[in-house]
Amino acid sequence: MSTSNGERLLPAPQVDAATEFFFSQAREGRLFIKACTSCGKPHWYPRALCPFCMGDTEWRSASGRGTIYSVSVTRRAGPEPYAIAYVTLDEGVTLLTNIVDCDLDQLRIGDRVEVTFKPAEGGAVVPMFRPAQE
Amino acid sequence: MTIKRKACIVGAYEHPTRKAPDKTVAQLHAECARGALQDAGLTLQDVDGYFCAGDAPGLGANSMADYLGLTRLRHVDTTDTGGSAYLIHVSHAAQAIAMGKCNVALITLAGRPRSAGSSGVAPRLVTPDTPDVPWEMPYNPVTVNMYALAAARHMHEFGTTSEQLAWIKVAAAAHAQHNPNAMLREAVTVQQVMDSPMISDPLRKLDCCVVSDGGGALIVARPEIAKKLKRPVVNVLGAGETIKGQLGGQVDLTWSGAAISGPAAFEEAGVRPTDIQYASIYDSFTITVLMQLEDLGFCRKGEGGKFVADGNLISGVGKLPFNTDGGGLCNNHPANRGGITKVIEAVRQLRGEAHPKVQVPDCTLALAQGTGGLLGSRHGSATLIMERQ
Chain S
1 MSTSNGERLL PAPQVDAATE FFFSQAREGR LFIKACTSCG KPHWYPRALC PFCMGDTEWR
61 SASGRGTIYS VSVTRRAGPE PYAIAYVTLD EGVTLLTNIV DCDLDQLRIG DRVEVTFKPA
121 EGGAVVPMFR PAQE
Chain H
135 MTIKRKACIV GAYEHPTRKA PDKTVAQLHA ECARGALQDA GLTLQDVDGY FCAGDAPGLG
195 ANSMADYLGL TRLRHVDTTD TGGSAYLIHV SHAAQAIAMG KCNVALITLA GRPRSAGSSG
255 VAPRLVTPDT PDVPWEMPYN PVTVNMYALA AARHMHEFGT TSEQLAWIKV AAAAHAQHNP
315 NAMLREAVTV QQVMDSPMIS DPLRKLDCCV VSDGGGALIV ARPEIAKKLK RPVVNVLGAG
375 ETIKGQLGGQ VDLTWSGAAI SGPAAFEEAG VRPTDIQYAS IYDSFTITVL MQLEDLGFCR
435 KGEGGKFVAD GNLISGVGKL PFNTDGGGLC NNHPANRGGI TKVIEAVRQL RGEAHPKVQV
495 PDCTLALAQG TGGLLGSRHG SATLIMERQ
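Chains as they are written, first to last, in the numbering used here: chain S, 1 to 134; chain H, 135 to 523.
A hint or two may mislead.
FRET-style restraints, in silico, Cβ to Cβ [claimed, not checked]: (1) H:Q523 <-> S:D56: 50 to 56 Å; (2) S:R30 <-> H:V451: 56 to 62 Å; (3) H:V451 <-> S:E20: 55 to 61 Å; (4) H:D329 <-> S:D90: 26 to 32 Å; (5) H:T261 <-> S:E114: 31 to 37 Å; (6) H:E358 <-> S:P11: 55 to 61 Å; (7) S:T37 <-> H:G436: 26 to 32 Å; (8) S:R30 <-> H:T261: 28 to 34 Å; (9) H:M135 <-> S:P131: 54 to 60 Å; (10) S:G29 <-> H:V451: 54 to 60 Å; (11) H:D329 <-> S:P11: 34 to 40 Å.
Negatives, chain H to chain S, calculated, CB over 10 Å [what the hints assert, rightly or not]: (12) G169; (13) G175; (14) A199; (15) Q311; (16) Q326; (17) K361; (18) Q384; (19) A398; (20) R406; (21) I410; (22) K435; (23) F441.
Hints in this document: simulated from the structure, not taken from any laboratory. None of the values given here were measured: they were computed from a predicted structure. Each residue gets a CB set at the ideal place from its N, CA and C atoms; glycine is no exception.
Throw the hints in and build the complete structure from the sequences for me.
So this is what it looks like as structure tokens:
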């Protein structure tokens, strides 16, 4: 059996003070995470204050490469199956995402993945992940 | 300061309906309140504390307290941690009673998600300004896959199998056969669970709870009042509560909030997991049960699969009878929230009023465990330990 993700029409991401920088950088093909200017730790999802020490935070460029921490192919929540996953970036934070552009049935925890950017409504793009090319 | 034996559960009522297209949510709350007060032998005028959560229509408790006719309130609590809230309400009611803030507390839950067409594969309702939403909603998290991610990781780390998860449903169904109000009353086999359609790997249709209309209510009262009533006295012995999230991106799906709320409840109660004769364990999905059992200390972390297999959760068969009403998997999951029915069945067991086919002999010590929200992202957890006096 093989399952491919259909091209879901993604809703436009919510743009506000918390997200504007992230999604404007995503349009340029860049993935950012946030880290604390006091304790230095990266965190996810991005916040204005560090969830570890309440220090101020700043955006940091991320490699876009990571490893699948967990993955589930959801088969009954719409017209097309899709893979929802937690991916641990090489920077050490784990984020919720979709894995795309592959046979979803072949995805395994521990697989290496890389970021890809998928179009959403209104010209926005949303980061997702696909199996690493090498 | 402790709540140990400072308050008693004197009334418990589970609405018999599982589909209520012709009733309002407020009416269901009221019918549950009436049922619990009648069960206790108390009246509306005795209630001076009211507890409800997000399923109650209106602003906080304001609308429901007025609708119910609660005119003597001295204490109000609208703590909402999803389906685990009602176990926290029992604990908070016991605290309020111990502090002299109220004497008789009413807790209500009701909803009609079945009539409203709710489903575990529909996008979850979110409120504006919820901070995690812009980072997660594009990826279509729905109820079932936010539990499936935990199940997949558990299988990866510990070798847990789908057959082992299926045993949880098999045990719930074995009990539900004896509950005339249960939504699903047929026994099922491990093979039937394995043959049911895959919803979100590795969770199949029969790993998922029912969607039902209905509700329930509880009355918590001061021990002096409980002793004057005609029902068996059920003491609150200990309680724990917490919230577990994504830990700032250090996501760890191998444990649930029960790892924090459970030990707190056992410590306050002064008992151990091996002392518990009956356990109500929240069962939105089979994996929810398995992880909470581990985190509560009924078995070691990673050994939940072995623990639940071979009928170990079936009353009269295994070591830990669980969800003898059929649980959320087979009986009832009103308002898509499981907490209150967990307490109600534990009270039935402690009173000796469970169905004779599933009644635990001389049940004097019981536990109820709730998880509310999403196991795979953010959830509240509450543990309650009760004894028959």
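Each hint tested on the structure:
1. H:Q523 <-> S:D56: 50 to 56 Å: holds (55 Å)
2. S:R30 <-> H:V451: 56 to 62 Å: holds (58 Å)
3. H:V451 <-> S:E20: 55 to 61 Å: holds (58 Å)
4. H:D329 <-> S:D90: 26 to 32 Å: For D90 of chain S against D329 of chain H, whose Cβ atoms are near 41 Å apart, the range 26 to 32 Å is violated.
5. H:T261 <-> S:E114: 31 to 37 Å: holds (34 Å)
6. H:E358 <-> S:P11: 55 to 61 Å: Holds: the Cβ-Cβ distance is about 57 Å, inside 55 to 61 Å.
7. S:T37 <-> H:G436: 26 to 32 Å: violated (39 Å)
8. S:R30 <-> H:T261: 28 to 34 Å: Check passed, 30 Å falls within 28 to 34 Å.
9. H:M135 <-> S:P131: 54 to 60 Å: Taking Cβ atoms as reference, M135 of chain H and P131 of chain S lie about 56 Å apart, which means the hint holds.
10. S:G29 <-> H:V451: 54 to 60 Å: Given range 54 to 60 Å: holds, Cβ gap about 58 Å.
11. H:D329 <-> S:P11: 34 to 40 Å: holds (35 Å)
12. G169: About 35 Å separates G169 of chain H from the closest Cβ of chain S, which puts it past 10 Å; holds.
13. G175: holds (47 Å)
14. A199: Consistent with the label, A199 of chain H stays out of reach of chain S, its closest Cβ about 35 Å off (over 10 Å).
15. Q311: At about 27 Å from chain S, Q311 of chain H clears the 10 Å cut-off, so the statement holds.
16. Q326: holds (18 Å)
17. K361: holds (48 Å)
18. Q384: violated (7 Å)
19. A398: holds (23 Å)
20. R406: holds (32 Å)
21. I410: holds (30 Å)
22. K435: holds (17 Å)
23. F441: holds (22 Å)
Checked against the numbered hints given earlier, this structure breaks hints 4, 7 and 18; the rest are met.
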